[in-house]
Amino acid sequence: MGTDFVVLSLVPITIGILVCVSCALLGNFLVLRRQSLIGDAVSHVVLPGIVGAFIFTGTVAAGAMLLGAGIAAVLAVLLIEVVRRVGRVEPGAAMGVVFTTLFAAGVLLLEQSDTSSVHLDVEHALYGNLESLIWLAGGAGWPALLDPGALAALPPQLPRLALVTLAVVVFLLVFWKELVIGTFDATFAESVGARPGPVGFALIVMVAVAAVAAFDAVGSIIVIAMFICPPAAARLMTDRLVPQLGWSVAFAVVSAIAGYVLAGYGPLWLGAAYSVSAAGMIATVAGLILALACLAGPRRFGTRTAARRRRPSPGRASHHQSSISNSLQV
Amino acid sequence: MSAPTLIADHGRTLGQSHPDSPLAISGLTVSYGEKPVLFSIDFVVPKGAMVAIVGPNGAGKSTLIKAALGIVPRVAGEVTVFGAPYEKARHRIAYVPQRASVDWDFPATVRDVVLMGLYREIGFLRFAGRRHREKALACLERVGMAAFADRQIGQLSGGQQQRVFLARALAQEADLYVMDEPFAGVDAATERAIIAVLKELNGAGKTIVCVHHDLATVPDYFDHVLLVNVRKIADGPVAATFTSHNLQATYGGRLAAAHVEEVAVGREAAGEGR
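Order-wise, the sequence lines are chains A and B. Heads up: the first sequence runs through residues 1 to 330, numbered per UniProt numbering. Heads up: the second sequence runs through residues 1 to 274, numbered per UniProt numbering.
Be careful, since some hints might not be right.
[As the list claims (entries may be wrong)] To give an idea of the chain B side of the interface with chain A (calculated C-beta under 8 Å), a few residues:
1) S40
2) F43
3) V44
4) V75
5) R90
6) V102
7) I122
8) L125
9) G129
10) R131
11) H132
12) R133
13) F148
14) I195
15) L198
16) N202
Please keep in mind that the hints were generated in silico from the structure rather than gathered at the bench. The model shown is predicted, which means the values in this text are computed figures rather than measured ones. Here a beta-carbon is modelled for each residue, glycine too, at the ideal position from N, C-alpha and C.
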């Protein structure tokens, strides 16, 4: 299995893990801020950005694509804020309106533009192309990992995503206190000068960066799933933030590996003669893990329920909305 | 270019006229959309005072302190803290938001929350060390919550949550404590514990400003009061200001006259009772 594995599966699995981990890490804060939908919105909005960049530059060069997608993501976040304020609607509604509209515009643009000559289509946008990221230069098997020539021929998505994952980790380390204080108590954060507004915006920008970088390799479905499923499942496992991040990373890695293997071999084991989309299967596994955590996670009843069993807690206003709007104030 | 200069000058004037005031507010106006929430509030907090901000629901009490602390944008007005612009004196203020304004399901322990009060002390790019954790524990001790340091915050009662918020404010070692409804929905034991800590702080020369909703306890707990309902109705020492006439003006008939007579100071010189 050695050589085949290195050529065909090593790179896709590594890329899958990097994508899942970077999205899941950021997703912890999105879920706690009740902003999960932002991940969804941003990964949809990537499409018109990419098509726009193609129309503008006429190439599918990675730099142009990433720039176009990044600009679109930031524009979408600002547009969501405008709709929320001008329309005085709740953030969820504003996100729903903005990202569906922009995604639809992206599909229209895609169909109208002359993209037939390049690899740019709706299926690719949704499912990505994880299985095609093979490493032909890895024909020597495991020793190829020590061969500079072979390493130079790695698919460019791999170093790019490694860089993004590193950037996410650095971002979380540098702004850890600001993120935690701003997520828990935005007004207090403002009063001590922890700048919850700019930090919240930076978080969304990092989400956009992670989504955009992942998009090309794995499509948007997996990105949306990874922003939500591993962190949500992790929250059901623990009541501390750092362990929660640890659980989310573990769930992300398990989803990536199990999803890839199941997609490639699962149908064969069942007697079918084909394999299924790895991205789709990774997202499915992440969903299954969340379902399991809901059924068996030690913290699945929530802390409030535990407190209520002991004593009734008075007057808990529904402040979920306000926490969303606080963190959305960019 | 001239407008910002003008504002800066104005701020300096306000600061110069009240260099000792922990919080001096002039012409503060705030609006949400087109609806004014606060209109042209002037208020100077005397140093070492224990101030209650009182008014009906929707009067803009919370907004007043949020706007004064730069959390909510203001349409107009100047604020100085100890004679300096707010940005420069931020570290001298500890702000305690309403307990219901945060999600207590957040994955954190009691100690984690108190450590947030040490945000400035810990500093950028640094994490809490042993010294910070011990300091947080000492603050919890002062509000009687040390035994709960490792408890998840969602497991606390409302009163315990409020005490944790107070401990976080103590960790800030401020000179001015600004609290939004610290006694809302807490048990009697917590109310006694909180007022004891506040009086202790006040005794040590700290200034306390509370948004307060329980009119009956105003004369017991505070020595200075601001009555507000979008506009300022009155402010001054409780004995002279917390009168039935001013309360009626503040609550505009929304308060039963009998209740006003019961809580207000004045005729009977309730000030002496304290």
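Outcome of the hint check:
With 8 Å as the threshold, the beta carbon of B:S40 stays out of range of chain A, its nearest partner Cβ sitting at about 24 Å, so the hint is violated. Using the Cβ-Cβ criterion of 8 Å, the hint placing B:F43 at the interface with chain A is not satisfied: the shortest such distance is roughly 18 Å. Taking 8 Å as the C-beta cut-off, the interface hint given for B:V44 is violated, the closest approach to chain A being about 21 Å. Annotation: B:V75 was flagged as interfacial toward chain A, and the flag is violated, the nearest CB pair being 16 Å apart, outside 8 Å.
Checking B:R90 against chain A: minimum C-beta separation of about 5 Å stays under 8 Å; hint holds. Proximity of B:V102 to chain A holds as hinted, the smallest CB-CB distance being about 5 Å (cut-off 8 Å). The closest approach between the C-beta of B:I122 and any C-beta of chain A is roughly 7 Å, which is under the 8 Å cut-off, so the hint is satisfied. For B:L125, the interface hint holds, since its Cβ comes within 8 Å of a Cβ in chain A; the closest pair sits about 6 Å apart.
The restraint placing B:G129 at the interface with chain A is violated, with a minimum CB-CB distance near 13 Å, outside the 8 Å limit. Given hint, B:R131 at the interface with chain A, is violated; its Cβ is 16 Å from that chain's nearest Cβ, farther than 8 Å. The beta carbon of B:H132 comes no nearer than 11 Å to any beta carbon in chain A, farther than 8 Å, and the hint placing it at the interface is violated. Interface restraint check for B:R133: the shortest CB-CB distance to chain A comes to about 14 Å, outside 8 Å, so the restraint is violated.
Hint status for B:F148 relative to chain A: violated, with the closest Cβ pair at about 12 Å, above 8 Å. Annotation: interface hint on B:I195 violated; nearest CB of chain A at approximately 20 Å, more than 8 Å. Hint status for B:L198: violated, given a least beta-carbon distance of 18 Å to chain A, over 8 Å. Checking B:N202 against chain A by beta carbon gives a least distance of about 20 Å; that is not within 8 Å, so the hint is violated.
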